[in-house]
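A.B. asks: Below are the chains, spelled out letter by letter.
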Amino acid sequence: MGFIKAKFNAPGGVHPAYHKDLAAEQPIAEMPLSASLVVSMSQHLGKPAAPTVKKGDSVLRGQVIGEAAGFISAAVHAPTSGTVKLVADVATAAGPRATAITIEPDGEDTWVEGITPCPDWHQQDKKEIVEKIAAAGITGMGGAGFPTHVKVSPPPDSEIDTLILNGAECEPYLTADYRLMLEKATEIWQGALIIAKALDAKTIYVAIEDNKPQAIAAMQEALPAEVGDAQVVALKTEYPQGAEKQQIFAVTGREVPAGGLPLNVGIVVENVGTTLAVWDAVVNGRPLTERVTTVTGGPVAKPGNVLARIGTSCADMVEFCGGTEGPVAKIISGGPMMGFAQADMSGPTTKTTSGLLLLDPTSVHAYESMPCISCGRCVGVCPMNLMPNELSQFLEAEDYETAEAYNVMDCIECGCCAFECPAHRPLVQHMRRGKAQVMLNRRKQAS
Amino acid sequence: MTMVIQTALTIGGAGLACGGLLALAAKFLAVKEDPRIEEINGILPGANCGGCGYAGCAAYAEAVLLKGAPINLCAPGGAEVLGHLADITGETAKVAEHKVAIVLCGGDVSYAPRKFDYNGVADCRAAQATGGGDKSCSYGCLGYASCSHACPVGAIEMVNGIAKVHRDLCISCGSCIRTCPRHLIKMVPYARTIHVMCSSKDKGPVVKKACKVGCIGCTICTKLAENESIKMEGFLAVVDYDKELDNDAVIEKCPGKCIVRI
Amino acid sequence: MTEYVLLIIGAVLVNNFVLTRFLGICPFLGVSKKLPTALGMCGAVIFVMTSASAVTWALQHLVLEKIGLGYLQTIAFILVIASFVQLVDIAMKKFAPPLHAALGIFLPLITTNCAVLGVSVLNVQLQYGFLKAVVFGFAASLGFSLALIIFTGLREKIDRANPPKAFQGIAIALVTAGLLSLAFMGFAGLV
Amino acid sequence: MSDLAIVSSSPHAHSGSSVRRIMLDVIIALVPALLVSVYFFGWDALRLTLACVITCLAAEALSRKAMGRNLGIDDLSAVITGMLLAFNLPPTLPTWMAVVGSVFAIVICKQLFGGIGYNPFNPALAGRVMLLISFPVFMTRWSEWTLPSPLAMDAVTSATPLGLVKTTIGSTGALPFTFDGTTMLQLFVGNQNGCIGEVSAAALLLGGIYLLVRRCITWHIPVAYLATVAVFSGILWMHHPQQNLPPHFHLLSGGLMLGALFMATDMVTSPVTKRGMLVFGVGCGILTMLIRKWGGYPEGVSFAILLMNAITPLINRATRPRVFGAPKGGKKQS
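Protein chains in written order, with my numbering: chain A, 1 to 447; chain B, 448 to 709; chain C, 710 to 900; chain D, 901 to 1234.
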């Protein structure tokens, strides 16, 4: 039984230089504990978690230090045992301020009590699985950070028939998911079966770009015998194949309605890293306290894939990878297409930090505010079929009504338009700002 | 002579015919509307600043008559417009106190450096959403002039990288307040001249590191100021504009040099 | 039949009222900011111009010429046109208030739209028969509409342009109209 | 440069394309046509090209300076405007007229709108049409060169092939020459009377292929344009072979190749959507043939493209793609 090729391909898309060779062959390396860990209460979409510890408290690994504050929220756990040094508001790279808890590890790394492995997860029913996922504080680890327990408990009226494991990793430079698929294929499959059980999904696809034949082979080989309808799907190598709506279309030919969710077409997509975390939570009973991050880019001396505790500072990770060689002009949390640039390396990693990318001055792209020359390239590459050229012009003129009428809210901020723009316009930034303003206006109107 | 009569008759006849037609049309197709709406619209300043909370002067005019909106919402119009509105509607209302906008940040480029090199759209809201803003102080004025662009009367000028309101030009419409992502702009009574030009809620050491004219939360001013007209909100001294304050001591004694008279 | 086709092509493209005869510039510049408003204006002008052509033809040939008062042409025509526009105004206020509000002052100004008077006078000058006069009036209003719609598209583009301060607004619109008129010269000699 | 890290919005990667690079590619693509025109028209071709390019650059720099804006001539777009305008001029045109046309193109048609990206009309074409209307005699006085070509047979009228056809059909009702292989070959290599840059279909096609390979243009506009002209003229020709020129003659003569490959494809003034580009090309083709066949001018390419430029915003509006996930064939948003 071989893998199948994706029958469909979503509109648009670009082919950036991949640079995956920097870290692709580096096995996942576990990093020693840092001297201090900073755990943000806002590592996911939705409401930030509410801190449950105060300065001076001692905590154990896996202990809840932040409670989910609402349905769309996620719990946060202590990444190791130690003492709480500080609970304070800090500015995050994305803008809004959030509470963060600084922990000084005691070096013992003692697990909190009550971690009970359950090797035969089949005994657990749907409800228990979802509860365990929620208790483990798992969020989407591909980048957006949507709480996973919400995803795996769809409203009762929606029927989910398909689970797609997202192993596309279409972001250049990043190889964390690739390494996971090579090294943990069996566990990922088990995780997939657990999620499929929670969802009652009959079909499981693993979507991988066809520039990763080894990952395809590894996942193919590990395909468990017990599963009926499961398949590895090779996607055409094109950014953004990892974007949810585009991937669903590529794999199944179903179009998620504009403004809708994948569950509207009976599908749930989970990142492979998330799936592994689910396996860990359900089988080993362990909450999410660490993740694999690709530390890469020209100035990194020894790029690699690092298994680090959540809250490890970027500087420590880079140090673990041999430090830097030559000047660093840009520090990016995530990949080059959708990652967030950081002011410095002091910031901590979160559940969503899939990569830490350093760029030297020559590979930094500078935005200009040149006028649009209407070349139409952004229109051609937009995977959502929008017209970023005119949307950006409406938004520059602060005409939010027109931009909204022309579907600015459907923008997925993938960056294809700005990647192609010969006038070097900051198109994604315009969209992002426009979307925020439209949301603000809508809220104002509702109230 | 015949020609004159003929001319007069023809034109007169045609005119009568047309007039009759129009009269009929006006009768059968008439649309009722309150003539006062147009009248009020004419009295309003026509700046369409939106300060009243309605989409523009015309919308406000309609709201006053049809939805019973208060008649003292037009800040640019001031007492004069209020008087006219009172005459038309028969309502009475007090003139709202003359307020002007002020940007509560004094950390210009010479006092507060940049913490990274921002590359992108020159707009405060965009800059704030990209890395949290490039100013060393995470509460200070970013200086990308969004408020200045939003001001309908050009009352906000960028001086040394921060926004300054010309208080005599300000029409207190509040457009600037809505654009500032850091909520630095406040409406304060025109008569008041002493302000704490800082909005940083950070602790003293953090403020000191970020800006040379920030409020370090020393609380000296709160002790000097009469009847609690300056209060502490966390680590920040805030003027209570409901209480009198005219005391040069607070200005002289402020170690952060952030209390000023404008 | 060919005759009428040529008449229409002539009035729409070759001797476009706005772009080659330069009549009706006021609404052309005034209501070309948004497409829906422009379309409303087109409807109003098509109605007024076609019916005014018919009525003024009748007035000229059945009344004025019969009694030798041909020289009253202009004033009589304006009277008729003015009434027509008032009629449209009243009707629109009743049946399409948003459009009425959007057109604003430009609706009554069709009265002084020289294109309407122009077509009536041209009908007399060119000695068209009744049917031909009506067709010509209709074609001329089509030409006006075509120019207005094209220009509205351009206006939406140049509204986002960045002209020097002295040329912002109506100045750059006039420059654009001039260039559009230049392009329309290509139709010269077509009929 | 400061030591601070650079922070910008995503994406942090870029394809490496730039406006300047695109413009440079277009200039490179125009070089073959320039060489051919120098070969056939000699010094005059060089004189006009230089005059136009230099004037355009100077006008761009001066007008931007007068407006108090940054000098923006390093994007090279003014060079292209200059070259295209020159390519649309007859070899005998006095230099000062070329200068007037260039100033008009750059100042009125481009900089008044705010410079690159904002102009609704192709500046070179608008400049050419302005000259054609202002100086019709000079703009249609063709070469005094004795070209080694059967098409330049009438040294007295020295008209372009299309002009010759228009006048001869008008007076005699028959076509002035036959369409054997030699004639076609001469047309193809550029051995014909005409504006300096438009004569050689071969050189222009070479440049067009370069642009396609470099992804500066897409196939949509040129193919739609040329195919429409071919089909339109083909129908006429099959209907009345004695009265009408065959499609291949239409394709190879006049400014069609130059227009279809270099001027209709001007990014700023053509639609941004693929469907819009097809509509644009078809519209250009129909208007070109209308003017060539029934209009007062022997050639209609410039006017056709200018007219389509004018409705480009409407085409963009009408060919907005269906948003991914929006209902198919559903209601269009206003």
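If you're looking for bench data, these hints aren't it; they were derived computationally from the structure. Be a bit skeptical, because a hint or two may be false.
Unchecked claim - Straight line, CA to CA, 35 Å or less: simulated DSBU-like cross-link-like pairs of lysine-lysine: (1) C:K841 to A:K444; (2) D:K1066 to C:K841; (3) C:K841 to B:K514; (4) A:K197 to D:K1228; (5) C:K742 to D:K1066; (6) A:K444 to B:K650; (7) B:K678 to A:K444; (8) B:K474 to B:K541; (9) A:K85 to A:K444; (10) A:K435 to B:K690; (11) A:K444 to B:K670; (12) A:K435 to D:K1066; (13) B:K611 to A:K85; (14) A:K55 to B:K670; (15) A:K54 to B:K678; (16) D:K1066 to A:K202; (17) D:K1228 to A:K444; (18) B:K541 to A:K55; (19) C:K743 to C:K841; (20) B:K690 to B:K670; (21) B:K656 to A:K55; (22) D:K1174 to C:K743; (23) D:K1066 to A:K5; (24) B:K474 to C:K802; (25) A:K54 to B:K670; (26) B:K474 to A:K444; (27) C:K874 to B:K474; (28) B:K546 to A:K435; (29) B:K541 to A:K435; (30) A:K54 to B:K650; (31) A:K47 to B:K474; (32) B:K514 to C:K743; (33) A:K47 to B:K670.
A.B. asks: Indicate, hint by hint, whether the structure satisfies it.
C.D. replies: Each hint tested on the structure:
1. C:K841 to A:K444: Violated - the C-alpha atoms of K444 of chain A and K841 of chain C are around 58 Å apart, more than 35 Å.
2. D:K1066 to C:K841: holds, 31 Å
3. C:K841 to B:K514: Given pair K841 of chain C, K514 of chain B is violated - Cα atoms ~54 Å apart, limit 35 Å.
4. A:K197 to D:K1228: holds, 34 Å
5. C:K742 to D:K1066: violated, 41 Å
6. A:K444 to B:K650: holds, 33 Å
7. B:K678 to A:K444: holds, 31 Å
8. B:K474 to B:K541: Given that 35 Å is the threshold and the Cα spacing comes to 42 Å, the pair is violated.
9. A:K85 to A:K444: Distance ~39 Å between K85 of chain A and K444 of chain A Cα, so the pair is violated.
10. A:K435 to B:K690: violated, 41 Å
11. A:K444 to B:K670: violated, 40 Å
12. A:K435 to D:K1066: At roughly 58 Å apart (the allowed maximum being 35 Å), K1066 of chain D and K435 of chain A break the hint.
13. B:K611 to A:K85: Between K611 of chain B and K85 of chain A the Cα gap is close to 40 Å, so the pair fails against 35 Å, i.e. violated.
14. A:K55 to B:K670: holds, 31 Å
15. A:K54 to B:K678: Given that 35 Å is the threshold and the Cα spacing comes to 27 Å, the pair holds.
16. D:K1066 to A:K202: violated, 73 Å
17. D:K1228 to A:K444: Measuring from Cα to Cα gives roughly 32 Å; hence the hint holds.
18. B:K541 to A:K55: violated, 52 Å
19. C:K743 to C:K841: holds, 33 Å
20. B:K690 to B:K670: holds, 15 Å
21. B:K656 to A:K55: Roughly 24 Å between the alpha carbons, so the hint for K656 of chain B and K55 of chain A holds.
22. D:K1174 to C:K743: This hinted pair holds, its Cα atoms lying about 25 Å apart.
23. D:K1066 to A:K5: violated, 59 Å
24. B:K474 to C:K802: holds, 13 Å
25. A:K54 to B:K670: holds, 32 Å
26. B:K474 to A:K444: violated, 43 Å
27. C:K874 to B:K474: Violated, at about 48 Å.
28. B:K546 to A:K435: Roughly 32 Å between the alpha carbons, so the hint for K546 of chain B and K435 of chain A holds.
29. B:K541 to A:K435: Outside the cut-off at roughly 40 Å; violated.
30. A:K54 to B:K650: holds, 18 Å
31. A:K47 to B:K474: Violated. K47 of chain A to K474 of chain B sits at ~61 Å, over the 35 Å cutoff.
32. B:K514 to C:K743: holds, 30 Å
33. A:K47 to B:K670: violated, 39 Å
Going down the numbered hints, you'll see the structure goes against 1, 3, 5, 8, 9, 10, 11, 12, 13, 16, 18, 23, 26, 27, 29, 31 and 33, while the others check out.
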